[in-house]
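> Each chain, written out:
There are 2 protein chains.
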Amino acid sequence: MAETGGATGGRRRRGGGRAGAAARRGSAALEQMPWNPPINIDRPIEPLTEEGVQAIHDGAMRILEEIGIQFYNEEALAIFKEAGVKVEGDLVKMDRDFVMEMVAKAPSEWTITPRNPDKTITIGGKTMLFGNVSSPPNYWDLEQNKKTAGTREQCQNLLKLTQYFNCIHFAGGYPVEPVDIHASVRHLDVLYDKLTLTDKAMHAYSLGKERVEDVMEMVRIAGGLTHEEFEATPRMYTNINSTSPLKHDEPMIDGSLRLIRRGQGVIVTPFTLAGAMAPVTMAGAVAQSLAESLCAVALFQYVVPGCHVGIGTFTSNVDMKSGAPAFGTPEYMRSTQMTGQMARFYGLPMRASGVCAANVPDGQAMWETSNSLWSAVQSGTNMVYHAAGWLEGGLIASPEKFIMDCEVLQMIQRYMDPSVNATGPDEIALDAIREVGGDGHFFGIQHTQDRYTTAFYQPFLSDWRNFEAFEQAGGVWTAERAHKKFKEILADFEAPPMDEAIRQELAEFVERRKAEGGAPTDF
Amino acid sequence: MAETGGATGGRRRRGGGRAGAAARRGSAALEQMPWNPPINIDRPIEPLTEEGVQAIHDGAMRILEEIGIQFYNEEALAIFKEAGVKVEGDLVKMDRDFVMEMVAKAPSEWTITPRNPDKTITIGGKTMLFGNVSSPPNYWDLEQNKKTAGTREQCQNLLKLTQYFNCIHFAGGYPVEPVDIHASVRHLDVLYDKLTLTDKAMHAYSLGKERVEDVMEMVRIAGGLTHEEFEATPRMYTNINSTSPLKHDEPMIDGSLRLIRRGQGVIVTPFTLAGAMAPVTMAGAVAQSLAESLCAVALFQYVVPGCHVGIGTFTSNVDMKSGAPAFGTPEYMRSTQMTGQMARFYGLPMRASGVCAANVPDGQAMWETSNSLWSAVQSGTNMVYHAAGWLEGGLIASPEKFIMDCEVLQMIQRYMDPSVNATGPDEIALDAIREVGGDGHFFGIQHTQDRYTTAFYQPFLSDWRNFEAFEQAGGVWTAERAHKKFKEILADFEAPPMDEAIRQELAEFVERRKAEGGAPTDF
Chain H
-15 MAETGGATGG RRRRGGGRAG AAARRGSAAL EQMPWNPPIN IDRPIEPLTE
35 EGVQAIHDGA MRILEEIGIQ FYNEEALAIF KEAGVKVEGD LVKMDRDFVM
85 EMVAKAPSEW TITPRNPDKT ITIGGKTMLF GNVSSPPNYW DLEQNKKTAG
135 TREQCQNLLK LTQYFNCIHF AGGYPVEPVD IHASVRHLDV LYDKLTLTDK
185 AMHAYSLGKE RVEDVMEMVR IAGGLTHEEF EATPRMYTNI NSTSPLKHDE
235 PMIDGSLRLI RRGQGVIVTP FTLAGAMAPV TMAGAVAQSL AESLCAVALF
285 QYVVPGCHVG IGTFTSNVDM KSGAPAFGTP EYMRSTQMTG QMARFYGLPM
335 RASGVCAANV PDGQAMWETS NSLWSAVQSG TNMVYHAAGW LEGGLIASPE
385 KFIMDCEVLQ MIQRYMDPSV NATGPDEIAL DAIREVGGDG HFFGIQHTQD
435 RYTTAFYQPF LSDWRNFEAF EQAGGVWTAE RAHKKFKEIL ADFEAPPMDE
485 AIRQELAEFV ERRKAEGGAP TDF
Chain D
-15 MAETGGATGG RRRRGGGRAG AAARRGSAAL EQMPWNPPIN IDRPIEPLTE
35 EGVQAIHDGA MRILEEIGIQ FYNEEALAIF KEAGVKVEGD LVKMDRDFVM
85 EMVAKAPSEW TITPRNPDKT ITIGGKTMLF GNVSSPPNYW DLEQNKKTAG
135 TREQCQNLLK LTQYFNCIHF AGGYPVEPVD IHASVRHLDV LYDKLTLTDK
185 AMHAYSLGKE RVEDVMEMVR IAGGLTHEEF EATPRMYTNI NSTSPLKHDE
235 PMIDGSLRLI RRGQGVIVTP FTLAGAMAPV TMAGAVAQSL AESLCAVALF
285 QYVVPGCHVG IGTFTSNVDM KSGAPAFGTP EYMRSTQMTG QMARFYGLPM
335 RASGVCAANV PDGQAMWETS NSLWSAVQSG TNMVYHAAGW LEGGLIASPE
385 KFIMDCEVLQ MIQRYMDPSV NATGPDEIAL DAIREVGGDG HFFGIQHTQD
435 RYTTAFYQPF LSDWRNFEAF EQAGGVWTAE RAHKKFKEIL ADFEAPPMDE
485 AIRQELAEFV ERRKAEGGAP TDF
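If you read the sequences in order, they're chains H and D.
Position 263 of the first sequence, counted from 1, bears residue number 247 in the numbering used here, the numbering being contiguous throughout.
Position 11 of the second sequence, counted from 1, bears residue number -5 in the numbering used here, the numbering being contiguous throughout.
Please keep in mind that the hints were generated in silico from the structure rather than gathered at the bench.
Some clues are possibly wrong.
If several chains are the same, the list does not tell them apart, and a pair holds so long as it fits within one copy or across any two.
To be verified - Straight-line distance between alpha carbons at most 20 Å, and here's what the computed EDC-like set of lysine to aspartate or glutamate pairs gives:
#, residue 1, residue 2
1, 110, 30
2, 231, 423
3, 231, 415
4, 130, 452
5, 89, 489
6, 130, 455
7, 89, 233
8, 471, 15
9, 65, 455
On a predicted model such as this, the values are computed, not experimentally measured, just so you know.
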């Protein structure tokens, strides 16, 4: 009871200050943390014993050696043959010596330099990066309160959030699929929007050679780069999914080969839903996921030794009652941790996600997303896809969810700040404790005042007022507050600067390629 | 895009099954996990270096040696004098040798045996226990949608949830303060309700000798125990707070001494809000918290060597804009982890909490609560107070929040199940992967069917249906679904069996003590 008594006291003491704070929080100028990709200082959670690591590794290798992977890509099959790998039709069986020899060529850490070099990101090591939700075909927000197919305007608005928040470090896939643009030219319009509305690291979908080549060219133009400069170091990346179980599709492999041959990055992320496209047991689903990613990594390293790759995990479980995918579950968390442990075993950068099954940005959405984000932290994940804005298992993008997630991402960034657990004499603060003694209060003393603004995480969305102040302000729940912030951010938004000649060149490229018909849609 | 494509496919495949599943989930019979207190198999997160541990330990010891703690309890002062500890008025200064000698007498692990011995709990080691929200003066639910002072009926309803959910392992303080019962007899009525509505480990508030003695007697009667049997092993416990900074109050010390002398348990939990009752720096707040708890532990171990104690942490930060307490913050998480590391250093069981600042059971409530619960996991916490039902920094108890939290607690319980990360041949499942090959699906195969019901966590509150099914069912957000479950559980509820003679004896004890006037309210 002293606990809640103390809390009440704390509220009473500075009830006045609360209102002022609320006013500041309510203003359009959103106080957010600076650009500062977190360095994950926690020792990863390792659910696997040494024997467990070996068992999963052996399982993955035996899948590659005994069962094999189908590559629906003629060039890949030819390359494997040339490499002396056993190829039966489109089935490729590679022994573990070849796989491990190739995997060993991959760098454990590399960078992506976007058109704004200040937003250069490091993939690998202890760096943790967050990206926007990618690829939902649908959009939901509190105002329309229904699920509709994505539009270019909605995609642009979500790109503005991607740029606005410093805790979003890379621009992943389309934050919502703008189905109001014809598929043949969609990549041209969206990349124009992405490159003009954001200055962060870019992604290309590997969906046919024209799209991949167009995006690489547009990223080169936006960066004001010569072809040589573009190829000198990664300026962008692609993320490919295998077609689980045990298949790699034509366009994904083709796009990856095009990128690595020009020095760009590739993340290989199987989508192995345990009980559907993978074994119902998580260790089996992880082993299969690793087999599917490592065989592609081996191919890429054979073609371009030392090329920039990473492996992703998208291993979750289905709802056994319905077969629908579940996210942020205990099984999802463990499989992510296991994959992280294996990624360190292979010396490869690791990608995971911020995901949920919830349909609206409510309590369930946030506990599922928190589970997935904390498992990303616990697994030593380097790139967190879908870190902001994801709903309904990735079928819906929501701006409210995007903004709510950014509050959690900022807290993770702050959680990784070494000052929080510093233990020098100034932090032990014996003199401050002596000064206050048994009857004083710490709020007014110099030790506190010196640290007033930096001591603690300052939220931009959380409502920390007491219930009475909360009620007086209309009793606005989190999702509704997030919607208000969304409108404020759109009103505030300023696109990052771009040289007019470059913008012109980009626009002309888009026009020319549209005139040429864009990309075929028959793949 | 393959990711979401896969998800859509998964949905389509068994759209029918979803409806059936939904119906089952909607039924009143709530599928929950069995009684099975989790064993925390994760290595704790340790934000402190060896030097950091020593720095905080040295800080705590110097607080006790140089600054001292005020004990507003004559008996304690006399005992300290007898022990040769320096006592100046009510200020006690004890050197580290004495403190560490006494702390070393405390068992690192002990049990509490409630009236139902099947619900015996272990305090310490790797066991993680969850308790109901304790001590909010107010109640909120979605139906009344306003904050009101707690009543006996609301308290009873929350006690029914405490009993109903197997993931709640002990009955902490009053889940809401029933202010409609006069303070002099409140403990009698609520303990009668607690002992008849639940059969889980009991707690007593240390708020005056009459209350403590009454509760011990009622727990003895409810257990059908002789005085000797009651004292043979802990049957209950108390949790006391120091009055930070650096003070221990009369009734809390008095109650603790009464309990330990009769073999019962005591948890000492300072409430050190960084920036208010403790230094603004987390390491300092943790050092002060440890000083405040360890001096009480030393007293208790001197009086009854080997008595059953634990230390709690309630170190969070204030909102520097308002002075109000914040919960589930990055600073809260690190201070909890640091305290866990120190608790292991001292060999004492550890208590933390499931807390939030949010006023309603929305997204903010769940990310703040998830942060605090995961920090409890990461810190190796043994007892998690307020694990279900807490809102507004502990000023509000909510049944919806209680039920939402229980879903998260069940996921933590499942997360700790070693089967999730097992790596035997059956889990690697090479034969299943071989059987399905590149073109099949895992749902129908024997390996999956054999594990159909046990493979994954089954939620009771989460809505995993797709948006269309969710919308068709009324688009009900989490808090509203939780309210429906609340009503279903109350309708379902059956009190645990109790021998009628024992119930009679309890009722008579309550009547007699009421006739005697209960407990004074002038402390």
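> Please go over all the hints and tell whether each is borne out by the structure.
Hint by hint, here is what the structure shows:
1. In the homo-oligomer, the alpha carbons of residue 110 and residue 30 lie at most 20 Å apart both inside one protomer (16 Å) and across protomers (16 Å), since each shortest distance falls under that limit.
2. For a Cα distance limit of 20 Å, the shortest separation of residue 231 from residue 423 across copies, 9 Å, qualifies, whereas the shortest one inside one copy, 70 Å, does not.
3. Only between protomers do residue 231 and residue 415 lie at most 20 Å apart by alpha-carbon distance; the minimum there is 18 Å, versus 65 Å within a single protomer.
4. For the homomeric pair residue 130 and residue 452, the shortest alpha-carbon distance between copies (10 Å) is at most 20 Å, but the shortest distance inside one copy (32 Å) is not.
5. In this assembly of identical chains, residue 89 and residue 489 lie within 20 Å of each other by CA distance neither inside one copy nor across copies; the values are 37 Å within and 77 Å between.
6. Taking identical chains as interchangeable, the C-alpha atoms of residue 130 and residue 455 lie at most 20 Å apart only when they sit on different chains, with a minimum of 9 Å there against 27 Å within one chain.
7. In the homo-oligomer, the alpha carbons of residue 89 and residue 233 never lie at most 20 Å apart, since the shortest distance is 24 Å inside one protomer and 65 Å across protomers.
8. Taking the shortest Cα distances, residue 471 and residue 15 sit within 20 Å of each other inside one copy (15 Å), while across copies they are farther apart (41 Å).
9. For the homomeric pair residue 65 and residue 455, neither the shortest alpha-carbon distance inside one copy (70 Å) nor that between copies (52 Å) is at most 20 Å.
Violated hints, in rising order: 5, 7, 9; the structure is consistent with all others.
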